[in-house]
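Start from the sequences and build out the full structure, keeping to the hints where you can.
Protein chains: 2
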Amino acid sequence: MLSEFSLIDRFFASRARANTRRAALGIGDDCALIAPPVGEMLAISTDMLVEGRHFLPDVDPNALGHKTLAVNLSDLAAMGAAPLGFTLAFSLPKPREDWLAAFSAGLFELADRFGCELIGGDTTAGPLNLCVTVFGSVPQDAALRRDAAQPGDDIWVSGTPGDARAGLGVLRGEWQTHVADAAVFRRALERPEPRIALGLALRGVARAALDVSDGLAGDLLHILERSNVGARIDVDALPRSAALARLPLAVQRQCSLAGGDDYELCFTATPGARDAVEAAAQHAGVPVTRIGTITSLDPADPARAKPGIAWHDGTGAPLNLTLQGFDHFHAD
Amino acid sequence: MLSEFSLIDRFFASRARANTRRAALGIGDDCALIAPPVGEMLAISTDMLVEGRHFLPDVDPNALGHKTLAVNLSDLAAMGAAPLGFTLAFSLPKPREDWLAAFSAGLFELADRFGCELIGGDTTAGPLNLCVTVFGSVPQDAALRRDAAQPGDDIWVSGTPGDARAGLGVLRGEWQTHVADAAVFRRALERPEPRIALGLALRGVARAALDVSDGLAGDLLHILERSNVGARIDVDALPRSAALARLPLAVQRQCSLAGGDDYELCFTATPGARDAVEAAAQHAGVPVTRIGTITSLDPADPARAKPGIAWHDGTGAPLNLTLQGFDHFHAD
Chain A
1 MLSEFSLIDR FFASRARANT RRAALGIGDD CALIAPPVGE MLAISTDMLV
51 EGRHFLPDVD PNALGHKTLA VNLSDLAAMG AAPLGFTLAF SLPKPREDWL
101 AAFSAGLFEL ADRFGCELIG GDTTAGPLNL CVTVFGSVPQ DAALRRDAAQ
151 PGDDIWVSGT PGDARAGLGV LRGEWQTHVA DAAVFRRALE RPEPRIALGL
201 ALRGVARAAL DVSDGLAGDL LHILERSNVG ARIDVDALPR SAALARLPLA
251 VQRQCSLAGG DDYELCFTAT PGARDAVEAA AQHAGVPVTR IGTITSLDPA
301 DPARAKPGIA WHDGTGAPLN LTLQGFDHFH AD
Chain B
1 MLSEFSLIDR FFASRARANT RRAALGIGDD CALIAPPVGE MLAISTDMLV
51 EGRHFLPDVD PNALGHKTLA VNLSDLAAMG AAPLGFTLAF SLPKPREDWL
101 AAFSAGLFEL ADRFGCELIG GDTTAGPLNL CVTVFGSVPQ DAALRRDAAQ
151 PGDDIWVSGT PGDARAGLGV LRGEWQTHVA DAAVFRRALE RPEPRIALGL
201 ALRGVARAAL DVSDGLAGDL LHILERSNVG ARIDVDALPR SAALARLPLA
251 VQRQCSLAGG DDYELCFTAT PGARDAVEAA AQHAGVPVTR IGTITSLDPA
301 DPARAKPGIA WHDGTGAPLN LTLQGFDHFH AD
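These protein sequences, in sequence, are chains A and B. No gaps in the numbering here: position 142 of the first sequence is 142 in full-length UniProt numbering, and each next residue is one more. No gaps in the numbering here: position 285 of the second sequence is 285 in full-length UniProt numbering, and each next residue is one more.
Since the hints were derived computationally from the structure, they do not count as laboratory data. Cβ coordinates follow ideal geometry from the N, Cα and C atoms, glycine included. Among the hints, erroneous ones may be present.
Stated by the list, open to error - Some but not every residue of chain A turned toward chain B, in silico, with C-beta under 7 Å: (1) Ile34; (2) Pro37; (3) Leu42; (4) Ala125; (5) Cys131; (6) Leu210.
Said to hold, decoys possible - Residues from chain A that keep clear of chain B, each with C-beta distances beyond 12 Å, as calculated: (7) Val59; (8) Ala105; (9) Pro151; (10) Trp175; (11) Arg187; (12) Val235; (13) Glu278; (14) Pro287; (15) Gly308; (16) Asn320.
What follows is the structure, given as C-alpha cells:
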C-alpha cells in the first residue's frame with residue numbers, strides 16, 4: 001500500500017509539513033503542538049462524515065473536500081471562535097489520484113480562505129470515512145454558548161435556511177424545479193459557507209448561538225433545553241431564498257424548519273442589541289432575520305412547562321406544525 | 001435511529017457532560033473549550049481505527065475501547081505530554097447495548113487512569129470506524145521531538161517489543177505457542193499500555209522519541225530521517241519477553257524489529273544521561289534497554305549517505321536483515 005499512500009503524502013502531508021505559522025510542530029511528529037493566543041481558550045469540535053449518510057457516493061470530490069472542513073468551521077463560527085487549524089483522519093477504499101487531487105483542492109481552498117492550517121492526521125484503508133477535528137480560539141467570556149439565552153431575547157437566523165434540504169429533495173426526486181433554482185439548491189447543499197465572520201462579529205453582541213446542521217426546529221431546541229427557556233417563532237418571518245419561495249408552501253416550511261445541512265447561525269440577542277446585530281451582519285456581509293422571541297417557562301402551564309417552540313404565522317395565529325426530522329441522506 | 005442513539009448518550013455524552021474539571025465547556029455545545037496550563041503547548045494527535053485493518057471483527061469490545069484510546073495516549077507519551085482530554089468520533093452499523101457498554105467501560109477505565117476527559121464527539125451510522133483526537137500539554141522546550149537525535153546518542157527502547165506481533169501471529173496461525181505464552185502475547189496485542197509516566201520522566205533527559213506503532217525498524221527510521229542521522233543497532237541487545245524468547249530466532253527478530261502495535265517508546269539520549277535514563281525508567285516502573293547508537297551520515301560512503309540502520313549482532317558482526325513491514329491486520 002505504501003506506494004499508493006505516497007499519493008496521500010503528496011496531497012496532504014507535504015502541505016501540512018509546511019504549516020509552521022500557527023503550529024510550533026505540525027505533521028511528521030507524534031503530536032502537533034499548538035497554543036491559543038494568550039488569554040484565549042482553544043475551541044475544539046469534531047465531525048465524522050460517512051459515505052451514504054452525509055454524502056452520496058457520486059458526490060463531486062472537490063465539493064466534498066469543501067464540505068468536510070466547512071461543517072467543522074461552522075462549529076467554530078457558532079462559538080464565535082477564530083479558526084487556527086485542523087486534523088484530518090480518513091479511511092478510503094483505494095487512493096485514486098484524481099479523486100484525492102480534487103478532494104484536497106476543495107479542502108485547502110476553504111482552509112486557506114480562513115487561515116486554518118492542517119496540523120496532523122491519519123490515513124488508512126477502509127470504507128470511505130472523513131473525520132476532521134478543528135481548532136479555533138476565543139476569549140472564554142466572549143464564547144457564544146448554547147446555554148446563554150434569556151427570556152425576552154430576540155431569535156435571529158442568518159441567510160436563507162432550507163436551500164440545502166431543497167437541493168436534497170431535487171436530488172432525491174421528491175420535487176422538481178427549474179434548472180437555475182436547482183443549481184442554487186445544489187450549491188447550498190454541497191458548498192455550505194461557514195459563517196466565521198458573522199460569528200466573530202457577534203462576540204459581545206449575541207447571547208446564545210449554534211449552527212443549524214440538523215434543521216432549525218431541532219437545533220433551536222438545543223438552545224432552549226440548555227438555557228431552560230421556550231421560544232415563539234413567526235413561521236412567516238423565516239427568510240426564504242427566491243428559489244425556495246417558488247416551491248409549494250408546505251415544502252418551503254418543511255425545508256426551512258426541518259431541513260438540515262444549511263450551516264447558518266441561529267442566535268439570540270437582547271432587543272436593545274438590534275442595531276448592533278444588524279451592524280455585525282453588515283460587517284460580515286451576511287443577511288440576518290429576526291424570527292421570534294425567547295420566552296420563559298411556566299410550570300403551571302402544561303404547554304409552556306418544558307423547553308419547546310410555539311409556532312405562529314404572521315398574524316400571530318398559532319400553527320400546529322408536524323415536522324419531520326432531518327435525516328441527512330439516510331432513509332431509515 | 002434516535003432511540004438507538006440514546007444508548008450512545010447514555011454511555012458517552014452524559015458522562016462527558018460531567019467533565020468540567022479540565023474543560024471550561026464540554027459536550028453539548030458546538031465546541032469544547034480548553035486551554036493548556038500557562039506557558040505550555042497543547043499536544044494533539046489523531047488516530048483512526050478501522051475494523052478488519054486495526055482490529056478483528058470479533059475483538060473483545062472492552063479491549064477495543066482500551067486500545068482505541070491507548071494508541072492515542074501513546075502519541076502523547078512519545079511527546080512527553082501529560083494527558084488532558086480527547087474527542088471520540090465513531091460510526092457503527094447498529095448500536096448494541098452490550099457492545100457499547102463493554103467498549104465504553106474499556107475506554108473510560110483507561111481514560112480515568114490517566115485523568116484524560118472525554119470533551120466532545122460525534123456518532124453516526126456507518127461501517128465500524130473509531131477516531132480519537134487526544135489532547136495533552138507539554139512545555140514547548142520539553143517536548144520529545146523526532147528531529148532532535150544527534151550522532152553519538154544512545155538508542156533506547158522500553159518494554160519488550162514484539163509481543164503484540166507474536167500475538168497476531170498466534171491469532172493468524174502463523175506459529176503456535178503454549179497457552180500461557182499465547183495469553184501474554186494476546187494481552188500485549190489487545191491492551192497496550194501507553195508509556196505516559198515514562199514520557200513525562202524523560203522530559204529533559206531524552207533527546208528524540210517516538211512510539212513504536214508500525215515496527216521498531218520502520219519507526220526508528222522516522223527519527224533518523226527527521227534528524228538526518230544514521231543508526232547502528234545491536235540486534236542481540238533487543239529485549240525479548242520470556243514468551244517471545246521461546247519462539248524460533250527468526251520469528252523473534254521478525255516480531256521485535258518489524259512487529260507493530262507494541263506502543264513502546266524508542267528514544268535517544270546522550271551517553272552522559274545513562275544514569276538519568278535508568279532513574280526515569282525506574283521512576284516510571286518501565287524497563288528500558290540500550291540497543292544502539294546514533295551515527296552521523298557520510299556523503300562519501302554510499303552505505304552511510306542516507307538515514308538508515310546498520311544491523312549487527314552481539315559480536316559486532318554486520319547482519320543483513322530482510323524485514324517485512326508491519327501491515328496490521330491486512331493481508332495486502
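* Verify the interface restraint on A:Ile34: the C-beta must sit less than 7 Å from at least one C-beta of chain B. => holds (6 Å)
* **Closest CB of chain B to the CB of A:Val235 still more than 12 Å away** => Non-interface label on A:Val235 holds, nearest chain B Cβ at 24 Å vs cutoff 12 Å.
* **A:Trp175 non-interfacial with respect to chain B [C-beta, more than 12 Å]** => At roughly 24 Å from the nearest Cβ of chain B, A:Trp175 sits farther out than 12 Å, so the non-interface label holds.
* **Closest CB of chain B to the CB of A:Arg187 still more than 12 Å away** => holds (24 Å)
* **Claimed clearance of chain B by A:Val59, with the beta carbon kept past 12 Å** => With a cut-off of 12 Å, A:Val59 remains clear of chain B, as the shortest Cβ separation is near 15 Å.
* Cut-off 7 Å, beta-carbon criterion: hint that A:Leu210 touches chain B -> holds (6 Å)
* Asked: Taking 12 Å as the cut and beta carbons as the points, is A:Pro287 off the interface with chain B?
  -> Consistent with the label, A:Pro287 stays out of reach of chain B, its closest Cβ about 21 Å off (over 12 Å).
* **Reported absence of A:Glu278 from the contact zone with chain B (all CB gaps over 12 Å)** => At about 23 Å from chain B, A:Glu278 clears the 12 Å cut-off, so the statement holds.
* Measuring from the C-beta of A:Ala125 to each C-beta in chain B, is the shortest one below 7 Å? -> holds (6 Å)
* Mind verifying the non-interface call on A:Asn320? Its CB should be farther than 12 Å from each CB in chain B. => holds (22 Å)
* Asked: Closest CB-CB distance from A:Ala105 to chain B, is it above 12 Å?
  -> holds (22 Å)
* To do: Double-check A:Pro37 for me: the hint is only fine if its C-beta lies closer than 7 Å to a C-beta in chain B.
  => Violated. Min distance 10 Å.
The structure fails hint 2 only (numbered hints given earlier).
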